[in-house]
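Protein chains: 2
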Amino acid sequence: MNPDPFPLPPDKVSPLEWTGDCLRVLDQRLLPSRIAYLDCRSAEDVAEATRSMALRGAPLIGVAAAFGMALAARRSDGPAGLSRAAEVLRRSRPTAVNLFHAVEHMLSVAHAANGDFADRLRREAEAYWKRDFEANRTMARTGSALLKRPCRVITYCNAGALATSGLGTSLGMIRYAFHEGKIEHVYPCETRPYLQGSRLTLWELMQCGIPATLITDNMAGHLMKTRPIGAVIVGSDRIAANGDVCNKIGTYMLAVLARHHRIPFYVVAPTTTVDFSARTGAAIPIEERNPDEVLTLAGQRIAPAGARAHHFAFDVTPRELVTAIVTEKGVVRPVNNKKLKEVVVRR
Amino acid sequence: MNPDPFPLPPDKVSPLEWTGDCLRVLDQRLLPSRIAYLDCRSAEDVAEATRSMALRGAPLIGVAAAFGMALAARRSDGPAGLSRAAEVLRRSRPTAVNLFHAVEHMLSVAHAANGDFADRLRREAEAYWKRDFEANRTMARTGSALLKRPCRVITYCNAGALATSGLGTSLGMIRYAFHEGKIEHVYPCETRPYLQGSRLTLWELMQCGIPATLITDNMAGHLMKTRPIGAVIVGSDRIAANGDVCNKIGTYMLAVLARHHRIPFYVVAPTTTVDFSARTGAAIPIEERNPDEVLTLAGQRIAPAGARAHHFAFDVTPRELVTAIVTEKGVVRPVNNKKLKEVVVRR
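Sequences listed follow chains D and V, in order. For the first sequence, our numbering begins at 34 and goes up steadily by one. For the second sequence, our numbering begins at 34 and goes up steadily by one.
Think of the hints as simulated: they come from the structure by calculation, not from any bench. Worth double-checking, as some hints may not be accurate.
Since the list gives no way to pick out one identical chain from another, each pair is judged satisfied if it fits inside one copy or across any two copies.
As the list claims (entries may be wrong) - 35 Å max Cα-Cα, derived DSBU-like pairs, lysine-lysine:
#: 1; residue 1: K163; residue 2: K362
#: 2; residue 1: K45; residue 2: K371
#: 3; residue 1: K258; residue 2: K163
#: 4; residue 1: K181; residue 2: K258
#: 5; residue 1: K371; residue 2: K163
Quick caveat: nothing in here was measured; it's all calculated off a predicted structure.
Next up, chain D with everything else stripped away, as it sits in the complex (with noise of 0.2 Å):
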């Protein structure tokens, strides 16, 4: 008997690598004309990784900040010292809350150790990324069960394997569901400005031989206007307690798009991306990152001298336009508080 039922092949290329003393970390700024991969040896190295965007998606975030914990335990005595770990860690990308999950995790860890306390961080971000991953595994068959087939489907920036622990989030549950035949074609949104759908998205479904076809940010609504398109699939960055999404900048949109075409809208997200604390999702801080990134493109400047821009980096799609959250712990529908807590933390 095969130990391990699951018949996805793995992942081309791991955004993570770890040695047992050093994370190396695919940059994903080079993605896909170079695979070059960045030796972090601290938490600050960690950060300054996430915080670079050479190290992207949500949970990838998380996984890696607990590496970074686990790298700074072995400087450390005990736990007193890892604050000041914790801190650089947090402050590395304030929208993804996965960061502050792991990094709260790994503390709580490293007070309840006994014994050698570098080996116990080291095991429990070991942990933590196997955990991740088969997090995805069990969001893979879910998602891809609330799938009729046959399906196009539509999906944004990237929440795949290079998003994460691996396999992906809502990526897991598009190959999982291409994999049952109920994926007919995908179409990922190029995804402005940093491109991540162009860059990564289309790369990780061209890797995995999944039909897909390119799209500017700006021609989903003609698509959904024009061809029969079965899902919008996302990932999320946080999820509010009343099931709000924060996800990239672009989200809103396309929930928008999909609820005047009648598409149901998936996101799929771990539980880790659940943000009890804040209420809604105008609690969740919009992340404004530096104009230029909008004024040019692949370091070329696309834009007047003295050009001003916005660039928020995410937005907050309320409940109302969620079809369905796509957890571990199973599917949270009808999207709101009562539902979200009873499979977040009762399960």
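Based on the hints, put chain V in the right spot on chain D.
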């Protein structure tokens, strides 16, 4: 007394210059970093400038086509000799109906011409240019009257001085409304893949001293949700007999978002944009351009080798989503067959 009471200063850069035997066409692909003109001495030259996107903007394409016909007339004995030029020009851009309008108009003038045939067509092209400019002045005033003050507006693509004989259609309305104190701030969307918003509209707004902040196309929804946006104002490439509006890809997305947020959605276009032979928007062919324009940006490849992409150049916004169409003959509101015909034909 001032013989011309129009209160706005002239445009700083003209997209066309007419020497009498040469149409100098601003190469808009190089903006905003370089100002360079292409010399067009034949209808074929004008068609090539249009095909290559050096020349763009539906009304401007119409005006340039009129000059293209005038250039052809210089080498022709009479109207029969113009049929090849007409065909070459018609084929240069399938969506912009102003092109067809201009070609047909010049052919009918040619057939009716007495005396110096080439001179008659030259004068008619100059008059066509002037009429388009006058139409823009009228639309600017008429459109501005629709706005309440103070108002932040979102605009799309470029329907400014660069897209027309001067002043612009949607941007003309914005410029006039700014002059009247009705515009607080303008958010041009960058408009992928050609970035007419960041390269051209933002540049024009800055030259006019109008406060403007660039956004990526996918930020429009977030902006409508979080800021008081008073109107979305766009141009059009073709309007069907029922009032459906064909315009740059992404316009439909904005219209759906505007409706969701109860924001007025205004289309500004001269009556030469109306195509009564298209019963509805479904009859308007949507040009698909080279996918490489989506897979690359500013010459740089942004997607994996072998990737596929769609490049729909336009989309159709159903009339139900259009608050009003501003033409030089008046405002079409509500937008329906009867009212459109009344404004465009009967007046």
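To see whether the hints hold, each was checked on the structure:
no.	hint	verdict
1	K163 x K362	within (16 Å within a copy, 67 Å between copies)
2	K45 x K371	neither (39 Å within a copy, 60 Å between copies)
3	K258 x K163	neither (41 Å within a copy, 38 Å between copies)
4	K181 x K258	both (19 Å within a copy, 32 Å between copies)
5	K371 x K163	within (29 Å within a copy, 65 Å between copies)
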